[in-house]
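Chains as they are written, first to last, in the working numbering: chain X, 1 to 501; chain U, 1 to 501.
Treat the hints with care, as some may be off.
Since the list gives no way to pick one copy over another, a pair counts as held whenever it fits inside one copy or between any two copies.
Stated by the list, open to error - Below, simulated SDA-like cross-link-like pairs (lysine to any residue); rule was C-alpha separation at most 25 Å, straight line: (1) 109 <-> 293; (2) 409 <-> 389; (3) 109 <-> 349; (4) 146 <-> 159; (5) 146 <-> 157; (6) 146 <-> 163; (7) 53 <-> 485; (8) 146 <-> 310; (9) 409 <-> 72; (10) 109 <-> 180; (11) 109 <-> 350; (12) 44 <-> 14; (13) 44 <-> 283; (14) 109 <-> 262; (15) 146 <-> 376.
No wet-lab data here; the hints were simulated from the structure. All of these numbers come straight from a predicted model, not from anything done at the bench.
Protein chains: 2
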Amino acid sequence: MRRTVSALVSSLAVDPGKAGPLHRQLYFALREAILTGRLAPGVKLPSTRVLAKDLSVSRNTVAAAFDQLLAEGYAEARTGSGTYVTERLPDSLLRSPASQPSARSRRPKPTLSQRGQAVASLGTVQRHRNRPFAPGLPELDLFPMKEWSRLLARHWRRPDVGALLGGDPAGEAPLREAVASYLGAARSVRCDADQVIIVSGSQQAIDLIARVLIDPGAPVWIEEPGYVGTRGALTATGARLVPVPVDGDGLDVDAGIARAAAARLACVSPSHQFPLGVTMAPARRIALLQWAAAHDAFVLEDDYDSEYRYAGRPLASLQGMDDQDRVFYVGTFSKVMFPALRLGYLVAPPDLVDALLAVRRHVDTQPSSVAQAALTDFIADGHLSSHIRRMRLLYAERQDAFVSLAQEKLRGLVTVERQDSGMHLIGWLPEGADDRAVSEIAARQGVEAPPLSHLYTHGPSRPGLMLGFAGIPAEQMAPALDRLTAAVGNGVSTSRQATHK
Amino acid sequence: MRRTVSALVSSLAVDPGKAGPLHRQLYFALREAILTGRLAPGVKLPSTRVLAKDLSVSRNTVAAAFDQLLAEGYAEARTGSGTYVTERLPDSLLRSPASQPSARSRRPKPTLSQRGQAVASLGTVQRHRNRPFAPGLPELDLFPMKEWSRLLARHWRRPDVGALLGGDPAGEAPLREAVASYLGAARSVRCDADQVIIVSGSQQAIDLIARVLIDPGAPVWIEEPGYVGTRGALTATGARLVPVPVDGDGLDVDAGIARAAAARLACVSPSHQFPLGVTMAPARRIALLQWAAAHDAFVLEDDYDSEYRYAGRPLASLQGMDDQDRVFYVGTFSKVMFPALRLGYLVAPPDLVDALLAVRRHVDTQPSSVAQAALTDFIADGHLSSHIRRMRLLYAERQDAFVSLAQEKLRGLVTVERQDSGMHLIGWLPEGADDRAVSEIAARQGVEAPPLSHLYTHGPSRPGLMLGFAGIPAEQMAPALDRLTAAVGNGVSTSRQATHK
Numbered sequence: 001m002r003r004t005v006s007a008l009v010s011s012l013a014v015d016p017g018k019a020g021p022l023h024r025q026l027y028f029a030l031r032e033a034i035l036t037g038r039l040a041p042g043v044k045l046p047s048t049r050v051l052a053k054d055l056s057v058s059r060n061t062v063a064a065a066f067d068q069l070l071a072e073g074y075a076e077a078r079t080g081s082g083t084y085v086t087e088r089l090p091d092s093l094l095r096s097p098a099s100q101p102s103a104r105s106r107r108p109k110p111t112l113s114q115r116g117q118a119v120a121s122l123g124t125v126q127r128h129r130n131r132p133f134a135p136g137l138p139e140l141d142l143f144p145m146k147e148w149s150r151l152l153a154r155h156w157r158r159p160d161v162g163a164l165l166g167g168d169p170a171g172e173a174p175l176r177e178a179v180a181s182y183l184g185a186a187r188s189v190r191c192d193a194d195q196v197i198i199v200s201g202s203q204q205a206i207d208l209i210a211r212v213l214i215d216p217g218a219p220v221w222i223e224e225p226g227y228v229g230t231r232g233a234l235t236a237t238g239a240r241l242v243p244v245p246v247d248g249d250g251l252d253v254d255a256g257i258a259r260a261a262a263a264r265l266a267c268v269s270p271s272h273q274f275p276l277g278v279t280m281a282p283a284r285r286i287a288l289l290q291w292a293a294a295h296d297a298f299v300l301e302d303d304y305d306s307e308y309r310y311a312g313r314p315l316a317s318l319q320g321m322d323d324q325d326r327v328f329y330v331g332t333f334s335k336v337m338f339p340a341l342r343l344g345y346l347v348a349p350p351d352l353v354d355a356l357l358a359v360r361r362h363v364d365t366q367p368s369s370v371a372q373a374a375l376t377d378f379i380a381d382g383h384l385s386s387h388i389r390r391m392r393l394l395y396a397e398r399q400d401a402f403v404s405l406a407q408e409k410l411r412g413l414v415t416v417e418r419q420d421s422g423m424h425l426i427g428w429l430p431e432g433a434d435d436r437a438v439s440e441i442a443a444r445q446g447v448e449a450p451p452l453s454h455l456y457t458h459g460p461s462r463p464g465l466m467l468g469f470a471g472i473p474a475e476q477m478a479p480a481l482d483r484l485t486a487a488v489g490n491g492v493s494t495s496r497q498a499t500h501k
Numbered sequence: 001m002r003r004t005v006s007a008l009v010s011s012l013a014v015d016p017g018k019a020g021p022l023h024r025q026l027y028f029a030l031r032e033a034i035l036t037g038r039l040a041p042g043v044k045l046p047s048t049r050v051l052a053k054d055l056s057v058s059r060n061t062v063a064a065a066f067d068q069l070l071a072e073g074y075a076e077a078r079t080g081s082g083t084y085v086t087e088r089l090p091d092s093l094l095r096s097p098a099s100q101p102s103a104r105s106r107r108p109k110p111t112l113s114q115r116g117q118a119v120a121s122l123g124t125v126q127r128h129r130n131r132p133f134a135p136g137l138p139e140l141d142l143f144p145m146k147e148w149s150r151l152l153a154r155h156w157r158r159p160d161v162g163a164l165l166g167g168d169p170a171g172e173a174p175l176r177e178a179v180a181s182y183l184g185a186a187r188s189v190r191c192d193a194d195q196v197i198i199v200s201g202s203q204q205a206i207d208l209i210a211r212v213l214i215d216p217g218a219p220v221w222i223e224e225p226g227y228v229g230t231r232g233a234l235t236a237t238g239a240r241l242v243p244v245p246v247d248g249d250g251l252d253v254d255a256g257i258a259r260a261a262a263a264r265l266a267c268v269s270p271s272h273q274f275p276l277g278v279t280m281a282p283a284r285r286i287a288l289l290q291w292a293a294a295h296d297a298f299v300l301e302d303d304y305d306s307e308y309r310y311a312g313r314p315l316a317s318l319q320g321m322d323d324q325d326r327v328f329y330v331g332t333f334s335k336v337m338f339p340a341l342r343l344g345y346l347v348a349p350p351d352l353v354d355a356l357l358a359v360r361r362h363v364d365t366q367p368s369s370v371a372q373a374a375l376t377d378f379i380a381d382g383h384l385s386s387h388i389r390r391m392r393l394l395y396a397e398r399q400d401a402f403v404s405l406a407q408e409k410l411r412g413l414v415t416v417e418r419q420d421s422g423m424h425l426i427g428w429l430p431e432g433a434d435d436r437a438v439s440e441i442a443a444r445q446g447v448e449a450p451p452l453s454h455l456y457t458h459g460p461s462r463p464g465l466m467l468g469f470a471g472i473p474a475e476q477m478a479p480a481l482d483r484l485t486a487a488v489g490n491g492v493s494t495s496r497q498a499t500h501k
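Please model the complete structure; the sequences and the hints are all you need to start from.
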């Protein structure tokens, strides 16, 4: 026995050419041998002197490896006798066949929580891709990156200690003031800076609001169709989703009341409904605020792309019409700057700010205070508003170009109409077409055109595609539209055949 | 009536010197008058010509204000007659006394969700402050900020389009590889880069894990005493907290099993228990892993300051001992760089990575990809490891200086003992002292010394203070300790008087 152990231990691979110090290599090799049972409980290990000689390493190396095994309970020292593999090492730690990586698939899958299962089974959020017609993709080449990186570098060079420690959990005060004053002027939002919370994006805002207001299983109205990210963020908090149909006047408030009058929250995009682009009618807005005030309920107004309006006067925000402190207003800098910025804002009713901040402090703290300081300067120096102005003109031209080309090239297959605002349009497919199939074919052709049906909780919907026009130069549209036309032609004929089977 | 209206409207304050365009000032003033009832439903508004003359503004200005009121439903146009305040404006939108800001406090407080209430009632997470003895405060002046800002600037100057769009939801692959290889070498963590998820910090990691595993009301073991942030993050997900006592060998696993054998998750800090600093004994580690494997439960190992070990060999991570894929390993760069960095990592069992990423995609996306790229370079160029080495030597010296000084100055009042690792020590107060009172007095003297009792879910505990030594130069310790001594003297005598009342 003794000789076997010695031979085994001496055969352990310890190689000065490999990564990591020798004593750690030896420690890992010994632990592996103990865990796999090659070194059985109670077996005496060779002395440090013998092992050092056999392995051609220093005694210190062996001693260090043994120390680690002793400290972790894999080995035990018996005074005057030597070092032994621990007798009482529980069986469960000995590597059983089930713990080999190759056997992992044979183990039962871990049980997920209900909300974990629900989220995992949702479709994924559309990732931003730099491909023709990706919805929500801004023009990145024209973003004043030089100014932005200069401001960031300036703040990083000499960050104040407060900024390095984390700053204000609501977000940096100067940025909150800039947001409050911008929203007051541009969107008729009535708030002061104390109501503004800087968030990483609209999904974090939804998450915070839902945790503060919604108990698991409580109903929440969502728009049907609507943003998958909203559904996902709510599902991840355990809320029960109540899809409420959207028509030409926006969310059908009466339908919502009929389905779940006792909902605690209604999530809407009234300025430019996502994805359909309709504007919520004044009477609907009033009815929604009335319902909220009467039922101790709240409204989450997602004003995700209100900066890009090309014609007509923008409607003021729902928040600005609300005299009962029932509206959360959510917006983002991701669309007007770039998606990876991860800075947005939440304007909360004054009564709820403390509770939101309590949750935020415990779940995560605020985004980088240095980035917030740079953004504050970017706004104050006028870079943001001049970038938005330039992009508004550019996107208006791009929409014109896109609609003309699409009406010409997709005639009879896809109906596209100009909208007064936003960064995408809906391309309506013929009744009965399978928009998912068309979208998949288009994706294989390098064209992003997410299917509308993906944005419905329940089918059926009129089939359509979301088509982003903001991120693609006009001169690149024609070849991309040719590919889309081919994809639609293929997809529609495929779906017709499927229908006739 | 007509004259009154005309007089009223003409008296509206519209001032070219004030902020915002005139038509918006006029719109706000008219809306205010409608909402407060000064302009009653059905009242005819003066013509644009008359009003423009009275207010000395252009007719376009008045027309623009009227358009906005019409669009929002506050006014209605009657063909050939003029513009009227809407008849059917619902009462609820008319500003009632309850909607005046001054009356806000008379309205019932909005109802919070159960978890919202629970989180709001928790103590706040200790914020980092740059004051003597603030626990967890690193030395910020010696951080190589020049290198860090240079790397950030380099990546911001020419960010690739992928980085601007958001990058990989698990975090950037090169950073995940660097983390996996660092943790393998330094902490015996066994993982590959696919198991690493870059998070904003340990609380985000806890949040993701709890949402995937824990249904509302399901029990989770937490250390007693333990980190308030862990309690908060779990509470915010609706988990039921089961405090499990910590003794000199770390978490008492048998006590946990007696209290809630069916818990799905146990949160521990085995390397250096927060706040007591004890190391979890090998037998306890083995028992914890055994329990988890037997009960389809998981262990969350928070290795929050393992980089700073001054004596003795570090125990390998619990994750490295686990052959059953039951351990989540969580760490952060905030302690070794600076708190506002907001970058940390979560190593998950392979089976659970997809579910965690599904939740993360819907709740929030990953931290800034540019910062991740800069951090990858910071690690690869050796800046991080050399900074950690320098800080390890410095903090060891600071601990020595602090313990010597504290033992001299606080003799008889506070017992302080050196620890082998970490950035803070416990100053034990005499039995019966009120550590909260002492901490408050110290805070008024400009010294941070959070009370230990704040870190217990249930009392009583032996009273003590958390004392950070890492962020304060040795030469500044003596005067700060004098202030602490005075505070403790005051606080202890106050508590004694209170006890004898």
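Would you pick out the hints that fail for this structure and give their numbers low to high?
-> Result: hints 2, 7, 8, 9 break, sorted rising.
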